[in-house]
Amino acid sequence: MEKTMNLTIRVWRQKNRLDVGKFAEYKLANISEDSSFLEMLDILSEQLVADGHEPVAFDHDCREGICGMCSMTINGIPHGPESGTTACQLHMRHFHDGQTITIEPWRAKPFPVIKDLVVDRTPLDKIIQAGGFITARAGSAVDANAMPIAKGIADYAMDAAACIGCGACVAACPNASAMLFTGAKVAHMNSLPQGKAEKDRRTLAMVTTMDGEGFGGCTNIGECEAACPKSIPLDMIAHLNRDYAVAQMKNFFKPVA
Amino acid sequence: MNLDSKIPEGPLAQKWTSHKFNMKLVNPANRRKYNVIVVGSGLAGGAAAASLAEQGYNVSCFCYQDSPRRAHSIAAQGGINASKNYQNDGDSVHRLFYDTVKGGDYRAREANVYRLAEVSSDIIDQCVANGVPFAREYGGYLANRSFGGAQVSRTFYARGQTGQQLLLGAYSALSKQIGLGKVKMYNRHEMLDVVKVDGHAKGVIVRNMVTGEISRHAGDAVVIATGGYGNVFFLSTNAQGCNVTAAHRAYRRGAGMANPCYTQIHPTCIPVHGDQQSKLTLMSESLRNDGRVWAPKDKETAKKIREGKLDPNAVPDEERDYYLERKYPSFGNLAPRDISSRAAKEACDDGRGVATTGLGVFLDFRDAIKRDGQKAIEERYGNLFEMYQCITGDNPYETPMMIFPAVHYTMGGLWVDYNLQSTIPGMFVGGEANFSDHGANRLGASALMQGLADGYFVLPYTVGNYLGEQGVAAAGKVTADHPAFAEVEADVKSRIDKLMSIGGTESPRSFHKRLGNIMWEKCGMSRTKESLTAAIEEIQALRKEFWSNLKVVGDADSLNPELERAGRVADFMEFGEILCRDALMREESCGGHFRAEHQTDDGEAKRDDDNFAFVGVWEYKGDDVAPALHKEPLVYENIKLATRSYK
Ligand SMILES: Cc1cc2nc3c(=O)[nH]c(=O)nc-3n(C[C@H](O)[C@H](O)[C@H](O)COP(=O)(O)OP(=O)(O)OC[C@H]3O[C@@H](n4cnc5c(N)ncnc54)[C@H](O)[C@@H]3O)c2cc1C
Ligand code: SF4
Ligand code: FES
Chain A
156 MEKTMNLTIR VWRQKNRLDV GKFAEYKLAN ISEDSSFLEM LDILSEQLVA DGHEPVAFDH
216 DCREGICGMC SMTINGIPHG PESGTTACQL HMRHFHDGQT ITIEPWRAKP FPVIKDLVVD
276 RTPLDKIIQA GGFITARAGS AVDANAMPIA KGIADYAMDA AACIGCGACV AACPNASAML
336 FTGAKVAHMN SLPQGKAEKD RRTLAMVTTM DGEGFGGCTN IGECEAACPK SIPLDMIAHL
396 NRDYAVAQMK NFFKPVA
Chain B
7 MNLDSKIPEG PLAQKWTSHK FNMKLVNPAN RRKYNVIVVG SGLAGGAAAA SLAEQGYNVS
67 CFCYQDSPRR AHSIAAQGGI NASKNYQNDG DSVHRLFYDT VKGGDYRARE ANVYRLAEVS
127 SDIIDQCVAN GVPFAREYGG YLANRSFGGA QVSRTFYARG QTGQQLLLGA YSALSKQIGL
187 GKVKMYNRHE MLDVVKVDGH AKGVIVRNMV TGEISRHAGD AVVIATGGYG NVFFLSTNAQ
247 GCNVTAAHRA YRRGAGMANP CYTQIHPTCI PVHGDQQSKL TLMSESLRND GRVWAPKDKE
307 TAKKIREGKL DPNAVPDEER DYYLERKYPS FGNLAPRDIS SRAAKEACDD GRGVATTGLG
367 VFLDFRDAIK RDGQKAIEER YGNLFEMYQC ITGDNPYETP MMIFPAVHYT MGGLWVDYNL
427 QSTIPGMFVG GEANFSDHGA NRLGASALMQ GLADGYFVLP YTVGNYLGEQ GVAAAGKVTA
487 DHPAFAEVEA DVKSRIDKLM SIGGTESPRS FHKRLGNIMW EKCGMSRTKE SLTAAIEEIQ
547 ALRKEFWSNL KVVGDADSLN PELERAGRVA DFMEFGEILC RDALMREESC GGHFRAEHQT
607 DDGEAKRDDD NFAFVGVWEY KGDDVAPALH KEPLVYENIK LATRSYK
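Protein chains in written order, with this note's numbering: chain A, 156 to 412; chain B, 7 to 653.
Hints may contain errors.
As the list claims (entries may be wrong) - DSBU-like cross-link-like pairs, simulated, lysine-lysine; straight-line CA separation at most 30 angstroms:
1) K519/B / K182/A
2) K303/B / K653/B
3) K158/A / K188/B
4) K39/B / K281/A
5) K188/B / K281/A
6) K557/B / K177/A
Everything labelled a hint here was simulated from the structure, so no lab data went into it.
Let the hints inform the model, and build the full structure from the sequences given.
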């Protein structure tokens, strides 16, 4: 038989960017332990709607841990207590009857709250727009097997490319640093032979944009790695620092951009 | 309705090359005078927007998520096909073409499919150049696998996240163009209607989902790449926001809707756990390479398992019905998607289903683990087993997995000609939103291929050709202050007002669930004249109820997920009826469309090539008026029609 639980949900309510916002508390009964966390929020929404209130706004789409849209801090941890799991892949069997669950939006200066749990993460897109690409116009590519890539390098690039751009790393970091996100993209592209031509330009441009968008620096706290649903390792930040130092030096002698 | 498919003259293998040569070109210096609107940022839309901008056109691109990187293409796991023949196992453009037409149960257009197979190689080249980290062998060359029962290994993949990596490739190219100012990106904007001027598509009306502002956007051409309509069934493997709104609104403005009844049901999804469920999760089809599918032979046994009184491992072999192996000895557990799905439904209809709901069958790895060892299975499927355990709480190494079919992909969509132009001139449709390449059934790993083919290699040419034909004097002539824009904008606004003001008692989600239930029960894996006739009546009644008893809380001038869903459900309600009408009209079984009246003695699909070798295209005739059916005959010059057999 499926088990159910009764819960108290403490959730952040904020009308819009300008509103100050506050926590509201709701009771939920008979939540199946097989439900996902977001299904629990769906039920809360239906309950609020039935009472004539606005449901809690939250971002979500794929609900299978890959689009990076869901974004909420659950009991103080971005994406909740299960490691390597997005909020949408978290299931209620990890909670217990009678528990109070606190849900907040990503708290980070570069991510202003739009409404309730929904924040504006476009600064992450801006970092990519600055240099997170390998220029190869459609139609200009050589045969895919023309350039062999050692499996180790391809695997490393894939590890880095697994980032879903959710921003949990930023939310977890006391400095609101986006180094893990940026490092993952830089490591992915800079390590591939195809990405070498633009390596220095890419690194400088992305870091400059990252700073310009108001993300903080990295002070090696490591909260980002712990919160990352794709377990992107801190090594990516080291990779970024290395490539950045090299690019800066080259740029000093002969501007790369 | 003019259904001229505009297939170029000449031999099949020369058509695309000669067509490209005959196209009107736009001088590079003149391209910046044109604006192209691209709705959607998935593989099709993202690649098209980036490529058109690279060519020099100004592009406006729209998506409903907070970033173009989140389009649902991201969720594809398995892989992407291409006829590279890197494995030296006999693949070729012609074989991929042939497999796709056959897999589609001979309901796709030959010339389009051939072009798809032809450009498939270029796609892999392009993706690698953009930094997509495909799986590689130790020698450094690209790895391939066989997928979805194909006889050759032509599938390229990037771990279990091929879709994400391909989309990030297109997204990075798109991002570069956004950074350069060639693409203006509109995140969190939903397209709600198309604007036509003198019969040509000249723009769209969109709603800013954060502020509620309705705005007009004019362009010289419009590309719709808004994905599939699987969510008409409520539960599907699609993302929550996937919708038919863009396509359906275009249909209401005169675009033909083709083959909506062709929907694909994927056999290996995690079963529904209860009525609180919001979506279904796909488990990669590759699991069927080693897992054996079974249901108990006996209803009593099934009942005991459902009630948790019997451990499935304790059921002896002679009491298990390995029904795929029994019915299809040569393909066994690898029988195609449509066939496997129906067989699972039959077992459950027979009262032999498992899972708490009775809607599930087993996918058992016991024998594979015995044969190859747990370690080997872990290496092959470790991440999938983890995902299964994360969702269900069961450990599939110890207790057999449970699976059930779910709606996964929609082959039907807006009708397009060879140029991917709809029946509205100037409106092009790419990716899952069009009907073009998969006939009545899509092969695994072919949707990603089609999305990128359309986006990188077809639309950039055919849209340019259209713009060239219109002439540079026409560039940017129509602006958003044209009266046609005001008219459509007023329509959009009054519809929103209407949704907001009904003041009933039932939520949009509740209506969506009820619609999905009708669709799944009466127009799902097996359809009959009775079920479809009933479905149409029920949907009409539900629609009336919707417009008189809908409750939308909040307001229209801010972020309002209830209003968003209400608008989408309203369109699904109209579209669902067309889907059922199409299924009712098609008195045959083919691919994903199974009419119980049309089956062979041993329960296999029976096609009717004499009467139904055509594309069924529906034309909007007004609210509460039946749409008109038009037919585009399918002519096969290079492939002989045959009956699919997987026995
Ligand atoms: C779980 C899953 C696994 C899959 N696995 C595979 C696989 O292994 N191999 C394979 O080949 N295929 C697979 N498919 C199918 C394939 O992923 C899709 O068919 C394909 O990616 C669709 O791409 P698209 O560009 O047409 O649409 P999408 O990627 O869905 O993009 C649609 C875009 O349109 C936008 N949009 C939609 N409506 C509106 C609107 N009204 N206004 C503004 N914007 C709008 C969205 O924001 C989005 O940007 C899978 C599908 C699913 C669901
Ligand atoms: S690094 Fe991890 S936490 Fe940060 S955006 Fe990427 S996936 Fe999210
Ligand atoms: S909703 Fe897509 S990752 Fe959570």
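Verification of the supplied hints:
Using a Cα cut-off of 30 angstroms, the hinted pair K519/B and K182/A holds, with the two alpha carbons roughly 24 angstroms apart. With a CA separation close to 21 angstroms, the supplied pair K303/B and K653/B stays within the 30 angstroms bound. The hinted pair formed by K158/A and K188/B fails the criterion: a straight-line CA distance of about 54 angstroms is larger than 30 angstroms. A threshold of 30 angstroms between alpha carbons decides the hint, and for K39/B with K281/A the separation of about 26 angstroms falls inside it, so the pair holds.
With a C-alpha separation of about 15 angstroms, the suggested pair K188/B and K281/A falls inside the 30 angstroms cut-off, and the hint holds. Of the supplied pair hints, the one linking K557/B and K177/A holds, its CA atoms being roughly 26 angstroms apart against a limit of 30 angstroms.
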